[in-house]
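Taken in sequence, the protein lines are chains A and B.
Taking the working numbering, the leading residue of the first sequence gets 456, the next gets one more, and so forth.
Taking the working numbering, the leading residue of the second sequence gets 1361, the next gets one more, and so forth.
FYI, nobody ran anything at the bench for these hints, they're computed from the structure.
A few of these clues could be false.
Unchecked claim - Every beta carbon over 10 Å from chain B, so not counted as near; a handful from chain A, in silico:
| # | residue |
| --- | --- |
| 1 | A469 |
| 2 | T477 |
| 3 | P580 |
| 4 | A697 |
| 5 | R801 |
| 6 | A809 |
| 7 | D841 |
| 8 | E847 |
| 9 | K878 |
Unchecked claim - Now the in silico label distances, taken between C-beta atoms and shown as ranges:
| # | chain 1 | residue 1 | chain 2 | residue 2 | range |
| --- | --- | --- | --- | --- | --- |
| 10 | A | A698 | B | R1411 | 29 to 37 Å |
| 11 | A | A698 | B | S1615 | 53 to 61 Å |
| 12 | B | G1488 | A | K671 | 38 to 46 Å |
| 13 | B | G1488 | A | R752 | 51 to 59 Å |
| 14 | B | G1454 | A | A460 | 58 to 66 Å |
| 15 | A | T915 | B | P1590 | 32 to 40 Å |
| 16 | B | D1731 | A | D478 | 52 to 60 Å |
| 17 | A | G758 | B | S1615 | 33 to 41 Å |
| 18 | B | E1619 | A | A718 | 48 to 56 Å |
| 19 | A | T634 | B | P1664 | 52 to 60 Å |
| 20 | A | D748 | B | G1454 | 56 to 64 Å |
| 21 | A | R787 | B | N1446 | 50 to 58 Å |
| 22 | B | S1402 | A | R467 | 58 to 66 Å |
Unchecked claim - Computed footprint of chain B on chain A, listed as stretches where at least three residues anywhere in the stretch have a Cβ under 8 Å from a Cβ of chain B:
| # | region |
| --- | --- |
| 23 | 599–610 |
| 24 | 665–676 |
| 25 | 741–755 |
| 26 | 814–822 |
| 27 | 879–886 |
| 28 | 896–903 |
Note that beta-carbon positions come from the ideal geometry of N, C-alpha and C, so glycine has one too.
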Amino acid sequence: MAALAGLAEALRAAIGPERVLTDRLQCKTYECDGLSHYKATPAVVVLAETAEHVRVAVRLCFERGVPFVARGSGTGLSGGALPVVDGVLIVMTRMRSIRDVDIPNQRAVVEPGVINLWLTREAAPQGYYYAPDPSSQQVCSIGGNLAENSGGAHCLKYGFTANHVTGAEVVLPDGSQVTLGGKAIEHPGYDLLGVVVGSEGTLGIATSITVRLLRKPEAVETLLAGFSSVADAGATVSEIIAAGVLPAAIEMMDALAIEAAEAAVHCGYPVGAEAVLIVELDGPAAEVRAQFDEVGRIARDHGAFEVRVAADAEERALMWKGRKSAFAAVGRISPNYIVQDGVIPRTALPEALAGIGQLGVERGIRVANVFHAGDGNLHPLVLFDDAAPGEEARAHEVAGGILDICMGLGGSITGEHGVGIDKAQYLGRQFTAEDLDTMQLVRCAFDPTGISNPGKLFPTPRLCGERPGPHQGVHPLQEKGLAEVF
Amino acid sequence: MVIPTAVDAGELLRKACDDVREATAEDAVDGVVPRYVVAPASAAETQEVLRATAGVRIVPRGAGSKLGWGAPPEAVDVLLDTRRLNRITEYNPGDLVVSAEAGVTLGTVQDAVAGHNQVLGLDPPEEGATLGGVVAANASGPRRLRYGSARDLLIGVTVVLADGTLAQAGGKVVKNVAGYDLMKLYCGSLGTLGVLVSTTWRLHPRPPERRVVTARSFTGDTVQALLHSPLTPTAVEVSGEELVVLFESIGPSVSAQAEVAAKLISGEVVEELPPGFGQRPWSGPAFPSDGIGVTISSELSALPQVLVAVRRLPEGCGPPTIRGRAACGVLEVAVPTLPPSGLAELRRAVAPYDGSVIVRSAPPERKAELDVWGPVGNALPLMRQVKERFDPDRRLAPGRYIGGI
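With the rest of the complex left out, here is chain B (with noise of 0.2 Å):
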């Protein structure tokens, strides 16, 4: 394999794209400045400029958003930038399926579906996210215990390979199981496995009416206790010490439940869902630019346990936030410092109820010393294998990943 020097990549990019700027210290993946930004505008161009750099490591964008997340790369020769993949190709409400291009705002289509009363269950809090961003890294928001999160939703997708091979999964219908479900490789596969150029996927109606119930405090009890009755919340969020509850329904359903939900969990009903309802503990202006966020998964009910080894990470850590989905059993949680030692100590504290603690936001200066991803358990062979398949020479977001994929 011979690998064309960063100069011969601006030029062959040149060839294969009319929309290629040098890079700047602002297209920095986690800290690593790329030499090129090229931003193709339809899916042969994506084709072109993958074929046309063999051996050069690209790293795919949408808004940026979640470029934080994962370890920071080994190397990155061009940043590609999936903006101009803006199109939304198809969407017949009557079918309650939607295709968009990867470089759509999640934003521009919840607002062409709103007009029909419809919704994508995706509520992942980042501004201006992509869609395709969304899937490379998976990303959810409260809605996710309704609606699952994009493994679930993602019906089709149209992916251009390390080779530049075009290749289609799924397809544009909600029942579907011809050939290898790869729309649950790409989630969450941030970007490491080929460049997301279209995605398809299923629609939900609606909800005309909304109800929220806050409970100024909770247990691991008061969220058993919501599991267990015949509630159908759209949301159960822990925001610090308080529990939100969300009803999303036609509005003799919403009210009837919220009554019964302040109820059960000693809670009132309120107009509003409280402010910062479903963001990141990490984002906003109040959190130091050197602090660190992390999402805790575990059993649903190891809730009490993830929320005592938060409590007692080392004083010097500083006071956690604490936001999340209690019924799904992933929390977010965000520290002004965390030594590598407390974040071992975390996953320690968790690993009994099946836990795992992956770093989210961090310095990426810090990256290096934090173990981002944590174990990854016996499949990661496996991974490497799938990996190798698909990216031989490693040009796609090389490091990113877990176990240094």
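Bound conformation, chain A alone (with noise of 0.2 Å):
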């Protein structure tokens, strides 16, 4: 690839050899993200330590058609920062400076690398935090949140890293640099920012974001309830919403994801236990203790054989701890798993949690399900084994079958995790060509040439001068950017 020798050299010149990465070995360091059945190789890596490293590379790469992507702490679960392989993959990890804690303005400004909990930990002995809090937070960064617009176990009551990124500069595909909103919260013209975030890489890279800081609460509680059905415990979600509480957090695990748990983390969940609810209240003293008075009876008057309370943040702790380390945890269960992201009306709980039982027994495939119960936000692992015939084929048809499940309810396909490279074959179903085709007028307007992480998110899409009409097939970019898919 002439292109590529030609840029890798152009770019050593522009930012510093030490930055430009082509050895092929250097270069597998970053084939996958946190979705490790998808590799790319990319031609070439940057590791860029400044915005303007990041327009020059962005630059260059426009100057020349090279497809790019950014990748942040490489944590994301649908493939979003997956290398093209004739392209160069934008590391932002050496990123990693927290330039401003305003507490006046209850607001910080980081550079992208920065680790999700830095900044909580940053503000806390100013009684503030991070609320976006993904169960990756020690590892993953706050320009992936951004691109992927992150939730986690608390965006039941404080919403997701949309509602709380207020300003960013944004580098766009053909290397100029906007800056989208700031530290107010309202800006004359269009609320551009608000679609970069969760754009999944598609419309360019941050290297400045400006979020917001909340004050840590008065009071925070937290109890565990075991039940002997899940039936139970989604009737003891229903109640407590239809009771008028809204928990900052309300978690919940089937048998099988307690059993993973258990054996990894030895978190000690009520022993038989078909389902636990972990159920998190906070905010003023007065208000946490009423409401949290309140969710015990209501699980008790539902059937919770036990039901514990958290005496403080260490026991808090192990009770959380369970739950966040889920998805590792079925490496103890099963040498292979497939996590799935759905979403459905939450009140559709038991039929969903019903259809995917039925599923996974008719392939012979065992399902975890562990789920944000408050939002309706399914986190089914799909549990196989790679070395048994026909096991992941069948185990793949399940995940997608749960898609379908969530889809035929009302749902989404993606809660958090993002569409990627993943789900991007499955979007087509939960949109029609005339939607997609409007989101394309974005990104179009953003990056009329598709090189910022094409093949992501979109299924098929269009060349920005093409009208409106029947798709016509694989975008050419896309067919080049195409990973190897394992």
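Build the complex from these two chains, which are given one at a time in their own frames, with help from the hints.
As structure tokens, then:
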């Protein structure tokens, strides 16, 4: 690839040879993100340290028509940071400074490589925290969170990354830079920032991000309740919502997920439980106290055989440990797994779980269920053994079938992990061609040549010059950028 | 592109929709009178109208309560009235989600969900405002502090684009990252990107109790003290010299919080919200019809600087009326008059604090000399690109938006 060879040289000259990797082995380090069965080794890796490095790298890509992909910590679960084989991977993890913790304005300004939890640690001495808390918050970057509009257990009450980002400096796919939003909550003009958040790297690369910091709540209470059926746990969730309580988080795990968590982290969940609920309330002390009593009563009324209340932060951490380690924990009970991220209207929970259970039985595949019960975001873990002939294919059928169930119930294929490369094929089932074409209008305004993270999110993106009409097969850039799928 | 003459537009409209009438002076959009008013009763009919009238310039309108926001349109051939899109299409209280067509009024939705002790967390004061209008204007009120604005609550949207395409984004689940979040793009776009036909919203439990704390005077420090306390007010409103703090939750919570707040801000707990709470300072019979209303947005801590800048307006402007969301950094100010130099001075004064000043209410004839939107920054070319992709013929609300979009 002459264009690529010339590009690498130009990059070295512009930003320094030590920040440009082309050695195949070195580049292979970045061949996948958190969804490791998709692999693609990029031709060039850029280790950006400044916004200027990003602008230069993107500009050089733009001039040569070479696709690029931005990557944060690489913890994403939809293959959103999967490199393009004949493209450039721009790694943001060296941009790790927290530039400004501005308590009077309740904002922080961070570089995109800053780890989510670092910001909370930085703000904690002043009584503040950063609310979005994906389970990977100890390692995931805020730039990645912005790209994916990351959620977390506490987004039930506090919202998603999109509700917490108020500004960003964004390098557009032609290498120019724009300022979107800022520390104020209102700015004249289209809310382009709102569209960039969650656009999975297809509209540009954020080099500076302004986020809200929230005052730590006065009180936090957490309980864990064991149920002898998933239905009872589900009814408890419904009753809590009907009672007008908005918990900070309501999480549910089924027996198989509990078994895995127990094997991995010995979290000591109630023995024999078919389902556990973790309910956390936070806010003013008087409010939390009254509502927490009510939640405990509702759980017992709906058949909870054990209700534990965390006495202190340590006990709270232990309750959460089982939940937050659930994905990794299934490794203890299955050699391989696929995690899904479908969403259903919360009241359809019993129907969805029955459907998923039946699907697993039909295909001979076990499914462990972990979910954000408060907002209907399911994380079914589809277990398989890739050494067993045919099992992986059946597992993928089950995973796809689960998304069909979610869509059939009026839900979504992804609540927080993103579409990426993994679910792009399903997006056309959730949206019509016209819906997707309309989203493409935005893409074309930002990235008319389609070089920013091509092949992700959209199933069959059109060239930007094309007029709407029947779809015309695979976009050439997508074809070029498509990864090897193992 | 062949642009049909206005007479043709009338015939074309009648083929697409049975509710077409000639416009009167009362249908004027910021002083610009359209030729026709069309009121489609469904998304399909709305598509028909847009398809049948290619090139005809259309301004969508709900109740018209914020039709004066933005710049006057360059021209309007047809006013598209959305009020026949008036059905609540889905409401499942257990999911805390409601879907309703764009012409349904916010009040109608609030009434429908109140029976299940729920609330749509939007409280812009305009009487009779439709959901579509609230979205298009991104209008909000005092409770923005608690619930955010339309951008934070709108989880799904259906829009008819300039070429008649029906396009949906989001869905009817609260948590959803599939596809671009176009809801945010449409919020505040003032009808320049498409005609909103349907919306889906996240609801919240309706708080059963309320306490109000008022302080006769306040400073920037008063508001900072509230912000950095563990209190969770639903609203912190400036009302002239006064500060009004609203708590809404269960009884034990609001009484405990109100007591703490009263000490913190040297205020008193009162029974009722003060009259005019949450109203725009430029609304009401006392406000002169040729007065000027602006929204000033800034960093939270710049409240004192913003207030100083407002109070330093030239004497000829008359006494300012100040209201707004002190804990959100959004104030609304009305003055009997405002020369362009006064507006420019205000913008200069708030600029260091990420501040902006948007003219909300002004006589149409004054808008030509007043820069309604003010400086936009370096993203304006990108905004133009977005408009160009969505509406290449500039047929939707041309000239109403920023930079002449």
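Each hint, compared with the structure:
no.: 1; hint: A469; verdict: holds, 22 Å
no.: 2; hint: T477; verdict: holds, 32 Å
no.: 3; hint: P580; verdict: holds, 13 Å
no.: 4; hint: A697; verdict: violated, 7 Å
no.: 5; hint: R801; verdict: violated, 5 Å
no.: 6; hint: A809; verdict: holds, 17 Å
no.: 7; hint: D841; verdict: holds, 28 Å
no.: 8; hint: E847; verdict: holds, 25 Å
no.: 9; hint: K878; verdict: violated, 8 Å
no.: 10; hint: A/A698 / B/R1411: 29 to 37 Å; verdict: violated, 48 Å
no.: 11; hint: A/A698 / B/S1615: 53 to 61 Å; verdict: violated, 20 Å
no.: 12; hint: B/G1488 / A/K671: 38 to 46 Å; verdict: holds, 41 Å
no.: 13; hint: B/G1488 / A/R752: 51 to 59 Å; verdict: violated, 42 Å
no.: 14; hint: B/G1454 / A/A460: 58 to 66 Å; verdict: holds, 60 Å
no.: 15; hint: A/T915 / B/P1590: 32 to 40 Å; verdict: violated, 51 Å
no.: 16; hint: B/D1731 / A/D478: 52 to 60 Å; verdict: holds, 55 Å
no.: 17; hint: A/G758 / B/S1615: 33 to 41 Å; verdict: holds, 34 Å
no.: 18; hint: B/E1619 / A/A718: 48 to 56 Å; verdict: holds, 50 Å
no.: 19; hint: A/T634 / B/P1664: 52 to 60 Å; verdict: violated, 25 Å
no.: 20; hint: A/D748 / B/G1454: 56 to 64 Å; verdict: violated, 23 Å
no.: 21; hint: A/R787 / B/N1446: 50 to 58 Å; verdict: holds, 56 Å
no.: 22; hint: B/S1402 / A/R467: 58 to 66 Å; verdict: holds, 60 Å
no.: 23; hint: 599–610; verdict: holds (count 4)
no.: 24; hint: 665–676; verdict: holds (count 4)
no.: 25; hint: 741–755; verdict: holds (count 5)
no.: 26; hint: 814–822; verdict: violated (count 0)
no.: 27; hint: 879–886; verdict: holds (count 3)
no.: 28; hint: 896–903; verdict: holds (count 6)
When the structure is compared with the earlier hints, violations turn up for hints 4, 5, 9, 10, 11, 13, 15, 19, 20, 26 and for no others.
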